[in-house]
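Fit the two chains together into the complex; they arrive one by one in their own frames, and the hints show the way.
Residue numbers (our numbering), protein chains in the order written: chain A, 2 to 346; chain B, 350 to 713.
Some hints could be false.
Computed footprint of chain A on chain B; a stretch qualifies when at least three of its residues, placed anywhere within it, have a C-beta under 8 Å from a C-beta of chain A [unchecked claim]:
1) 396-404
2) 602-616
3) 656-667
Per label pair, the in silico range of CB-to-CB distance [what the hints assert, rightly or not]:
4) A/GLN214 with B/ILE629: 39 to 47 Å
5) A/ASN56 with B/LEU687: 28 to 36 Å
6) B/PRO371 with A/GLY126: 24 to 32 Å
Everything labelled a hint here was simulated from the structure, so no lab data went into it.
Beta carbons: idealized from backbone N, C-alpha and C, even for Gly.
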Amino acid sequence: MKFPQRRLAALASVTLVATMGLSACGNNDTSSNGGSSGSGGGKTTVTFLPKNLGNPYFDTSDAGGKKAVDEFGGTYAEVGPDTATPDAQVPFINTAAQQGVKALVISADDPKAICNAIGTAQSAGTKIVTFDSDTSPSCRDLFINQATSEGIAKTEVDQVAKQIGDTGEIAILSAAANATNQNAWIDLMKKDLAADHPNIKLVDVVYGNDDDQTSFDKTAALLQAHPNLKGIISPTTVGIAAAARYLSTSQHQGKVALTGLGTPNQMREYVKDGTVTSFALWNPEDLGYLAAYAAKALVDGDITGKTGDKFKAGKLGSFTVGDGATVLLGDPFVFDKSNIDQFKF
Amino acid sequence: MTTSTLSRPEGRTRSYAAYGRPLWRRVLLTRESAVIALLVVVLVWSNLNVVGFDGPLTLYFLFLDIAPILLIALPMTLVIITGEIDLSVASVVGLSSVLVGVLHHDAGLSIPAAAVIALVVGAVCGAFNGFLVSYVGLPSLAVTIGTLALYRGIAVGLLGTTAVTDFPQKWTDLAQQRIGTSSYPVVLIPFVVLAVLFALLLHFSPFGRGVFEIGLNNEAAHFTGVNVERTKFWLFVMTGAVSALAGVYYTLRYGSARGDNATGMELQVIAAVLLGGVSIFGGRGALHGVVAGVVLIGALSSAMRLESITVNKINIVIGVLLVLSVISTSFLAWVSALASARTNRALRPGRRRPSAMPQGKESR
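Isolated chain B, as found in the complex (with noise of 0.2 Å):
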């Protein structure tokens, strides 16, 4: 991914191989697809053995619970990606929260208004982000600390202990409906029309392989022309705006807007963003697998809480695989390094492939 975009002149052919590795091996030996087989693990086992998790219930409510970790794991896939990071993305979902609440209660806003509003507001927290981390040039973890526990802190202050929950039945209904008589409840249209948004953005344009080369190297990225601080700017920005807009969904679905709404969620955000692959020092990364994360986490504890295991099982089960999930990167890479060390020495003995440099990278 990070190999040069300049076009080769027409007609000649290469000396070497376009890949080090074979296409089973770039496809299948990858963090993404091992989460994906996990999950799919996951579900199949769950539809046999656990009673009642083959219902009609439990893609709704899998999907239901999930929705506002699907959507904020987006941006914040990017931003991880720059080699930065988001902590206060939870912070957003309560103040967008109260804001929602505040607005429609007490200034009578319709809850479109309301929520247009929460969202230029989510956006402008996420640039205030954005401004400090890549013009000032702070580090993201001491930023976001910061902007973590001040938005909560005004979101708590703007509504005190009290919560708002007088929304109207057609909204609240609206956050919980079905997309026709499916499990699937309607919040996943607007996350899939996000979905393919940032996919193509991250994967399919040049912005994107901005993105990945700053993870890589921020100084090396700037010389080939990225504008780093724009990037990260705006990545600010995204991240503020789709925690807002996970924060109008978080409070129509609980009809309920209170200052400590989704307090902590940063850290789901975080570990499952992680858990899909995506490597917290920057530079690697995809979408699916982190999408593959978040609903791997999602169904392993529906799964455990069916079970009735308590909720402190299901947490060291969580945080196992988290860490188990961080070890089979190095495990992953020194398995494919050696396989291609020894595809090499069996083809091409005493000759290095130039193709094979790329690896080291991929593997970080």
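Same shape as in the complex, but just chain A (with noise of 0.2 Å):
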């Protein structure tokens, strides 16, 4: 006996929503410009959007951004999502699109699955740069390129010649044997040895599959196969740090240089202690300090993308829009124990 009445409540509910929906539909088109057009402003507003937030890296390059904002008198903002998944990061391209901010800055989740979205904060006239990650180069404006592969392995390789002295045995401790990049990578060290570094032999290439377990393992195999082995070339970073790992408490220690690619905070206790000397990574800092002047100087129409633009960023001197709009921060940054307490990430 309750039912009749009870359907009705709930349809008049139901249309009550559904009118309000509408209405409040209709009132957005009309209303809308004011809006969008208002929030610009006239200062040039740059949002930053990491894979995600509490990220130290992230951490660290979206402060550098945010003293270029500061420096070039533009308003700042950091948004992201709890998980680095393209789906989480969506909603906040679409809000800055909403917001209409001069420019996005993006490290994607995903080389694809934010296009769309990003197209539509093209549309409505934010600029897009990329960093640390890039989308398909259709997608966005600019990307920053931290570093070529050509710098990654030519400092690695200078890098380890410094340290042992031009001359004697080394061993490269990579990630995963089909790992794009690192073989990639290897294969121009192996260019570059021949080339200016004739006394150096490669002897052995071991994958420690960025596991930690088995690149400390596979270190320790290492040492045993190739009693004379002067150093380590570890072009990751989960593999630098299970290797530092291992030398710090082997009798090897301080005897046998290892370098490559890793984190201050990883590396921190090792470059202390001695079993390290120095590593590289690009220094994320500059990344998000060049990321944001990029972006400045995209809005102010300076650059469009073209190959061959040039633009100036602040206290990192003047840079040169590359192939497929890119821009190269420059080679990576090396760290020692002069330099490590700096970076917190």
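The following block contains the structure:
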């Protein structure tokens, strides 16, 4: 006996919600333009969207971005999801479009999945700069490349050559055997060694699969198999940390040089206890700083992303846009005892 | 809603009122109305105070984002009203997304063909859940935690860590198209159709009455002639199929099929359903409340993002809201019990009214 009335009530509420939604929509379309253009104002609003928040690497890069934005008198904001997934990133891109921010600086969680959202933001007048991790080149206006493969390979070879006196046996502890990046770097290192360092002999390449324990064990095996080994290059952050951990507790500490790509937080103690003299990575703070200036240059119309466009990036100097609308930060940054404490990522 | 549906002899008048409470109280003092009212408040407030919220993109993005949750919330409401739960929905979304990608990219099927196969697989996934829950008699919480991992595992196993992204532009555009020039994306059309179907099924059919009875008392439902096993089984099948549909949409909307698509979405769906006034113990709830609950969470997040509030704070606000909404059920029940007790005393001192009986159940 309660049914008919409850049904009516339910229907009434549904209709209510529906009409409300519809009328809200009607209002929107008329008053829309005032809202979005008003928020932009005269200032250059730059929003940073890292892969996820609470990641020390992005905290550092975005701090660099903030520094740059403050320098040129823009408005800085940092937003982002708590997990690094593309679908979580999309609402923040959408929000930036709604807010009418002038430029969005993104580290993409997926090269393709955020492209549609980026397209909508671009048609709303937002300039898109990617850094750290690129989208498909057709999606964004500009990509700030942290380092080239050649730069990474050369820096690592130069590091190890310097530390072992440019002569002796070295080995490479890589990630997975089919890792695209690492294999490209290893090939370039081999070429570089053959051309510029004839006295250095690469005796082995082993694969730790970016697993801490495997990398640790492979380091031990490497030192057993090659008693004359003088240096190890590990072009992967997991590998170099595991190798450093092994070396720091073995009799090889300080005798076998270790270098490669690592992060200051992982490597700090090994640099301080003398296991590792120096290692390389790019400087994420400079990366964020450069991305912010590139965003401003796009917004101001100084550059359009054409090859050969030039712009100034504060203390970092002048940069030129390369092929595929990319800007190269420069050679990898070398961390050692003297500077490692300035970096918290 | 649980009262007998036996027809009364014609022409005889009852000696007592049809309802314990007047109409306005029955309509307004419900969880559903509370959620709808809160939604109105949030929308109005945001329109006036949040810069950019009144823009033409807001509702468009809002509905694009919440569309998968809206879709899955429909069958999930029915499942939760029976007192069961399905935690595997997001994994089915992921699996169906991967299937669409693999079938299109590797097997060369057209998008509609791949989508149909994905839907069938989704229904089979749901049927597997349903079989274990209703015919084997296992608790749905345990079963669907297992299949949450199982289906996600299959999804990631099929595609590895790669993503399929080469979908035809025609279809990815369709997933984002607007209805005419309005702010509403076309995905709302299948949603509205499904919403109407599920509303008819739940609120206007014998099957739906069975759903409520199962939630109130499994045994009693069985003895009143409800086929408990079959009802639950089909609810899980529906949930699987609709999740797969959401997965197809998800894939095309982002133009990317990945094994980790929609990870964690099951909690968003369940949170919205509970916020919409469905009792986690089963037996009570209505679809209009659930739809309002989903939109409320979406609108709140959207408004807070526009205000540049960080994602952690947004999560805190939504979490608090959810807890408050659960508390408010008991609070509202207490208020209405108090109010009707007073009315009863005022009207007929010393006499219990028969129509007061169903209220106890309603307030669960």
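* Are 3 or more residues of the segment 656-667 of chain B near chain A, judged by a Cβ distance of less than 8 Å? -> holds (count 5)
* Between A/ASN56 and B/LEU687, does the beta-carbon spacing fit 28 to 36 Å? -> 51 Å, violated
* Lying within 24 to 32 Å: is that true of the beta-carbon distance B/PRO371 to A/GLY126? -> 54 Å, violated
* State, for the Cβ atoms of A/GLN214 and B/ILE629, whether the hinted interval 39 to 47 Å holds or is violated. => 42 Å, holds
* To do: Establish whether the coverage given for the segment 602-616 of chain B by chain A is satisfied; the threshold is a Cβ-Cβ distance below 8 Å, and no fewer than three residues must meet it.
  => holds (count 10)
* **Assertion that chain A covers the segment 396-404 of chain B - criterion: three or more residues, beta-carbon distance below 8 Å** => Coverage by chain A holds here, the residue count being 6 at a Cβ distance below 8 Å.
Hint compliance for this structure: hints 5, 6 are not met, and every other hint is.
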